[in-house]
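The primary structure of each chain is shown beneath.
Number of protein chains: 2
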Amino acid sequence: LSPHETSKNVSKNVRIVLIEPRHPGNIGAVARAMKTMCLAKLYLVRPVEFPSFDAERRAVGALDTLNAASVVERLEDAIGDCRLVIGTTARARAHPHPVLSARSCAEKLAREANDRAPAAVLFGPERTGLSNRDMDACTFQLTIPTNPEFASLNLASAVQLLSYEIFLASGQAPAPDPRSVEYPNQSDMEFFYKHLEKTLVSRNFLDEARREVTVSKMRRLFGRARPRIGELKLLHSLVKLMERDGR
Amino acid sequence: LSPHETSKNVSKNVRIVLIEPRHPGNIGAVARAMKTMCLAKLYLVRPVEFPSFDAERRAVGALDTLNAASVVERLEDAIGDCRLVIGTTARARAHPHPVLSARSCAEKLAREANDRAPAAVLFGPERTGLSNRDMDACTFQLTIPTNPEFASLNLASAVQLLSYEIFLASGQAPAPDPRSVEYPNQSDMEFFYKHLEKTLVSRNFLDEARREVTVSKMRRLFGRARPRIGELKLLHSLVKLMERDGR
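These protein sequence lines are chains A and B, in that order.
FYI, my numbering numbers position 218 of the first sequence as 242, with every residue one higher than the one before it.
FYI, my numbering numbers position 89 of the second sequence as 113, with every residue one higher than the one before it.
Read the hints as simulated data drawn from the structure, not as lab findings.
Don't take every hint at face value.
Note: identical chains are not told apart, hence a pair may lie in one copy or across any two.
In silico SDA-like links for lysine to any residue, alpha-carbon gap of 20 angstroms or less [said to hold, decoys possible]: (1) K32 with Y207; (2) K32 with P169; (3) K132 with L192; (4) K65 with P172; (5) K222 with E206; (6) K241 with P169.
Generate the whole structure from the sequences, applying the supplied hints.
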């Protein structure tokens, strides 16, 4: 599989399972959070209220993800065919499951989830979290790192953070700077530095003893700014102003 | 500075600046998102409605962060003393700022923010994002990686993701498994394996030719499960059942 197909596979085969979500607004916010990170498989186990206007309102542009949600009565209907099931808990519990951070959980999902091996991450009801019985269906426990004195992550925020880590771990994130910037070449830069130096000499700005040091400082300053082609023209114009001012 | 003081310093010296936030609910959700990740410095530049009941409702347990928010009229009142200012944009813009991902932005903040050098990350109004004028106050641009076809991150979600990365980058996250688990020692495990093997032999379960292979399989299986002390007792009891059954 190409890397692109692999990452599509991960997105397609990781399910977010909400168990008895109480506030329909949260379901909508979860759908939106998932879609921002290319996840689409949402399962709702016995939602208190669904479908709902509040869910649609909070989903904003992710109505497709929301409307495609599978509503099921029993947890096993959501995860029966999954080969990796992970339960989310606000704090590490006494449960005998190995604890994963959001990042290590996402890396595990990216490695293991595929068409023959779907995976699921469970989120419990807003106030109480997953029951011990639901945790028994899991082989790992996800605990998102938070402030030890305030671990109160909103349900949609928890899904958002995990989805983001899955998006990064599956290699789908575009390069951080996709714009094509046109930089001048090194000769253009040298031409500018010479122009600047000549002008400064003509205005008696450069003390002969410190000339080299000062020119070197200027080079470092303008080099760090890494001017674009248009910006270099602007700098030439400024230098020309210095020339004229003295005449 | 100790690592603990360093990370406290980061939390104290990174400001989240919301410019003209339109929905007070979002302000509350931002306060909550910040507090879950140990951030506390919230600045509101010309909020459309604040204070507000909706903001308090969404802040849940982060009323302290919300009530400590600084409300200012001009952006410069929020960032005048900052030595690093980063503007958040949904997509990389034509702006001549280097683009940072959430992770690299957080690493930069963790390296640079301290008592003598506060830093700020700006978030624009919900619909329009930061104006070009606000971007002019920035030296870097933060673009959180998202689905290229649906970059619609909620304001609080964007703050949540960045705050999470700052929390991780500043080394404040606790180890993923802080529970103290008591494992049996290697002699205890050996004692169990011998018990199991002896029992299987007594029940004629082990074919002599394959005895070694089968025992080795069992060792690998139970080794992988890594039983706790109490669980090892349970396994001994199961083996005892196998013994008795044959008498």
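Cross-check of the supplied hints:
When the C-alpha separation of K32 and Y207 is checked against a cutoff of 20 angstroms, the pair qualifies neither within a copy, at 34 angstroms, nor between copies, at 40 angstroms. Taking the closest pair of Cα atoms, K32 and P169 come within 20 angstroms of each other only across two copies (16 angstroms); inside a single copy the shortest separation is 27 angstroms, beyond that limit. Taking the shortest Cα distances, K132 and L192 sit within 20 angstroms of each other both inside one copy (12 angstroms) and across copies (19 angstroms). In this homomeric assembly, K65 and P172 come within 20 angstroms of each other (Cα to Cα) only across copies, at 18 angstroms, whereas the closest approach inside a single copy is 31 angstroms.
Taking CA atoms no more than 20 angstroms apart as the test, K222 paired with E206 passes in neither setting, with 26 angstroms inside one copy and 76 angstroms between copies. When the C-alpha separation of K241 and P169 is checked against a cutoff of 20 angstroms, the pair qualifies neither within a copy, at 45 angstroms, nor between copies, at 36 angstroms.
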